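Participant: Each chain is listed here by its residues.
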Amino acid sequence: MARFTPDNLELAHEIISRYPRKKSAVIPLLHLGQEQDGYVTNEAMEHIAELTEVTAAEVIGTCTFYEMFKTHPVGKYVINVCTNISCQLNGGEELLEHLEETLDIRSGGTTADGMFTIEDYECLAACTEAPCMQVNYRYFHRISNDEVDGVLSDIRSGKLADTIPEHGVLQRVRQTIPAGKLAGIAPPETVVDAPVWMARNEPILAARAAAKAAEEAAAANKATEATEANEKGDA
Amino acid sequence: MATNAYVPHAAGYVDNEGPKIVSSRFVHDDAFLLERSLATGGYEGLKKALTMAPVEVHDIVRDAVLLGRGGAGFPAGIKWGFCPPGKWPMYLVVNGDESEPGTYKDRLLMEMDPHQLIEGCLIACYALGLSQCFLYVRGEMALAQERIAHALNEAYEANLVGKNILGTDFSVDVVLHWGAGAYIVGEETALIESLEGERGMPRLKPPFFPAAIGLYGQPTIVNNVETLSNLPWIMVNGADEYKKYGSETSPGTRLFAISGHVKRPGVYEAEQGTTTFRDLIYGDNFCQGMKGDDELKMFIPGGASAPWFFPEQVDLPLEARPVGAAGSMLGSGAIVIMDESTDAVKACLRVVRFFARESCGKCTPCREGTTWEETLLRRIYDGHGRPGDLEMLLDIADNISPGPYPGAAWEEQGVEAIPFPPKQTTICPLGPSSVAPITSALRRFRDEFEAKIPQRTSIPVSAS
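Going down the list, the protein sequences come from chains A and B. The first sequence maps to residues 0 to 234 in numbering that gives the first Met the number 0. The second sequence maps to residues 0 to 463 in numbering that gives the first Met the number 0.
Next comes chain A alone, as it looks inside the complex (with noise of 0.2 angstroms):
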């Protein structure tokens, strides 16, 4: 386990032609590394570089910046409980000593038995729903501690297994374009031309230059006809 299967090898290439650089694909790359191992290992970083055609370093470092990688294993089910400003004004931090208490853990590790990982996270675009937290980034609204612990033991009988993946799995319905509806994907430098459409633009911007032409022409022509008139009054 570590470099990719056959099958997200060939996601990998899906995803990549999606983009007219290959480095762009670097970051969706790291999260299929994430969804296939449970975090991204350094072997799958050095696939991500071979098949985006950077250095690893360069993939590590686009990596480690930022938070939702794990280069070390984490627990099955992650979970972040929003302490920013909304949630921390309706009980957040309560609920995080909440769990802290109840599975032993400081935020930011893990249960001995690998299932629970805790992380005090930042804003979680939910803020009229505090306090909030996420289970593998599935949202959990309002949510008091006795409902939380009914959603620990839920995850822990597998009741929640159909709703919430385990980690590293984000999308379980992912982009498709068929073959035959793509517009077309180039890297930028060999497209010259403006795209087809914008050829609709030509008669209406002549009209309009047409139209400012005639405007200036008249402006000058009345300029003209002023001057002439002063003349001939100061004649």
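FYI, nobody ran anything at the bench for these hints, they're computed from the structure. These figures come from a predicted structure and were not determined experimentally. Hints may be right or wrong, so weigh each one.
The calculated DSS-like cross-link candidates involving lysine-lysine, where the alpha carbons are at most 25 angstroms apart (straight line), are [unchecked claim]:
1) A:K180 / B:K19
2) A:K22 / B:K422
3) B:K86 / A:K22
4) B:K242 / B:K19
5) B:K345 / A:K22
6) B:K204 / B:K78
7) B:K243 / B:K46
8) A:K69 / A:K21
9) B:K46 / B:K242
10) A:K180 / B:K46
11) B:K422 / B:K204
12) B:K78 / B:K46
13) A:K231 / A:K221
14) B:K243 / B:K19
15) B:K242 / B:K78
16) B:K262 / B:K345
17) A:K221 / A:K211
18) A:K211 / B:K78
19) A:K21 / B:K162
20) B:K47 / A:K180
21) A:K21 / B:K86
22) B:K361 / A:K69
Chain A is nowhere near these chain B residues, computed Cβ spacing over 10 angstroms in every case [as the list claims (entries may be wrong)]:
23) P53
24) E55
25) P205
26) K242
27) D397
28) W409
29) E447
No residue lacks a Cβ here, since even glycine has one placed at the ideal position from N, Cα and C.
With chain A's structure known, arrange chain B on it following the hints.
Facilitator: Structure of chain B alone, referenced to chain A:
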């Protein structure tokens, strides 16, 4: 109210009285499906746009004065006009990296009505001749990614996206891209860096803005999810109809997320300019008053980056200009309400901690400064503050954002408002944003900070 069950879609939207431009389909649970979208007027805006010349579509958007909804509030039609003519290809990057604390609207738009967003993207691509669109969705929003992926698959199948859209000569690919957890990527040049597979660090601008040199060095339009979601309605109904809502300089509606100590927190679509903060907090149509009818202590009018407002400012209209003149910003429509029980030092520390954690580390004043701000606030909050800490805090803040920092007026004390925006010694506004809670809280509640700093005149020595 509370629910133990996994919430299948974004909760929090309140279907109140008033015009609905972007949230009209939120009442349907299946609004994310193409079938529902088509049955409720979906893609009509695109069809209408395709009967016009691209430049005419651009004119309509310019006439509508559609202001960017990401935070800066710059008119989209004018931003579109900054692209250098004749430089191809050009790209559209959709900013769906919503992570400003207090902000909750783009996730709703992406989860509830992805087709409206896709249609908006297509209209923008058609108007400007953009070759490809990248929909950058925040990494943590798994459901939004799934819904958009599903919507795009449906749209490709129905010939609404891709090659020869609806049988015309208009062809464009819309690609779903997703981030991996970094607030700074919401800054447009950092977004482009991230989309190129790099660390998400902002680029130096000016002189070159993304409209001139953006993705792969090509002209690139970066627009917010909510901005683009307005386009289908504007195309169908026209600019004049759009301008009937809101005020002259801020037409249309906006999604406002009101969170914190209110009776009915939620996401509301409200007219800009004509609605006030008082309406939102106390109005029956909106939040229905403070939780427990407590007194309002302070509120954040536009996300964590915005300087705080106080009870005197509640009658300001929801419009960028007056809010800016009063010393803050409307930002991303995120309003956080705090009542009398709120500890100003604690709230300040939490917001500053956010910026310290999210600083990308490119500019020294921000990387070092935000960390020191957090350290000082932490020790003050923990009761280990030292004399002179408050001055040091303000000094560090001044290194990130020199000069008087924007803030609200305080008539009682004869303090005048300092208008937005702040000065900065950094490339992007993240560092200066960390100063907003500090100056706001310190100006107004200095006594609360001082009360936490131990005052000793002599070292106590035990007698025995």
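Participant: Taking the hints in turn, state whether each one holds.
Facilitator: These are the hints, each one checked on the structure:
Taken as a hint, the K180 of chain A and K19 of chain B pair is broken in the structure, with Cα atoms around 34 angstroms apart against an allowance of 25 angstroms. For the proposed pair K22 of chain A and K422 of chain B, the alpha carbon gap of about 35 angstroms is over 25 angstroms, so the pair is violated. Annotation: proposed proximity of K86 of chain B to K22 of chain A holds, straight-line Cα distance about 23 angstroms (limit 25 angstroms). Using a Cα cut-off of 25 angstroms, the hinted pair K242 of chain B and K19 of chain B holds, with the two alpha carbons roughly 14 angstroms apart.
About 42 angstroms separates the Cα atoms of K345 of chain B and K22 of chain A, which puts this hinted pair outside 25 angstroms; it is violated. The hinted pair formed by K204 of chain B and K78 of chain B meets the criterion: a straight-line CA distance of about 15 angstroms does not exceed 25 angstroms. Only pairs whose Cα atoms come within 25 angstroms are accepted, and K243 of chain B paired with K46 of chain B is accepted, the gap being roughly 23 angstroms. For the suggested pair K69 of chain A and K21 of chain A, the alpha carbons sit about 23 angstroms apart, so the restraint of at most 25 angstroms is met.
A hinted pair counts as satisfied when its Cα atoms are at most 25 angstroms apart, and K46 of chain B with K242 of chain B qualifies at roughly 22 angstroms. Using a Cα cut-off of 25 angstroms, the hinted pair K180 of chain A and K46 of chain B holds, with the two alpha carbons roughly 19 angstroms apart. Only pairs whose Cα atoms come within 25 angstroms are accepted, and K422 of chain B paired with K204 of chain B is accepted, the gap being roughly 15 angstroms. Between K78 of chain B and K46 of chain B the CA atoms are separated by roughly 24 angstroms; this keeps the pair inside 25 angstroms, and the hint holds.
Pair hint K231 of chain A plus K221 of chain A holds up; C-alpha atoms about 15 angstroms apart against a cutoff of 25 angstroms. Restraint check: the Cα-Cα separation between K243 of chain B and K19 of chain B comes to about 13 angstroms, which is no more than 25 angstroms; the hinted pair holds. For a cut-off of 25 angstroms, the pair hint linking K242 of chain B to K78 of chain B stands: about 19 angstroms separates their Cα positions. The straight-line distance between the Cα atoms of K262 of chain B and K345 of chain B is roughly 22 angstroms, inside the 25 angstroms bound, and the hint therefore holds.
About 15 angstroms separates the Cα atoms of K221 of chain A and K211 of chain A, which keeps this hinted pair within 25 angstroms; it holds. Taking the CA atoms of K211 of chain A and K78 of chain B, the gap is about 24 angstroms. The hint holds against a cut of 25 angstroms. Between K21 of chain A and K162 of chain B the CA atoms are separated by roughly 22 angstroms; this keeps the pair inside 25 angstroms, and the hint holds. This hinted pair checks out: K47 of chain B and K180 of chain A have alpha carbons roughly 22 angstroms apart, not beyond 25 angstroms.
Our distance criterion of 25 angstroms between C-alpha atoms is met by K21 of chain A and K86 of chain B, whose separation comes to about 22 angstroms. Only pairs whose Cα atoms come within 25 angstroms are accepted, and K361 of chain B paired with K69 of chain A is accepted, the gap being roughly 22 angstroms. Its closest Cβ contact with chain A, about 6 angstroms, brings P53 of chain B to no more than 10 angstroms, contrary to its assignment away from the interface. Not every CB of chain A is more than 10 angstroms from the CB of E55 of chain B (nearest about 7 angstroms), against its label as outside the interface.
Listed as a non-interface residue, P205 of chain B keeps its Cβ farther than 10 angstroms from every Cβ of chain A; the least gap is roughly 22 angstroms. Distance check on K242 of chain B: its Cβ is at least 23 angstroms (rounded) from any Cβ of chain A, clearing the 10 angstroms threshold; non-interface status holds. For D397 of chain B, the requirement that its beta carbon stay farther than 10 angstroms from each beta carbon of chain A is met, with the minimum near 24 angstroms. Distance check on W409 of chain B: its Cβ is at least 22 angstroms (rounded) from any Cβ of chain A, clearing the 10 angstroms threshold; non-interface status holds.
With a least CB separation of 16 angstroms from chain A, E447 of chain B remains clear of the 10 angstroms interface cut-off, as annotated.
Of the numbered hints given earlier, the model fails hints 1, 2, 5, 23 and 24; all others are met.
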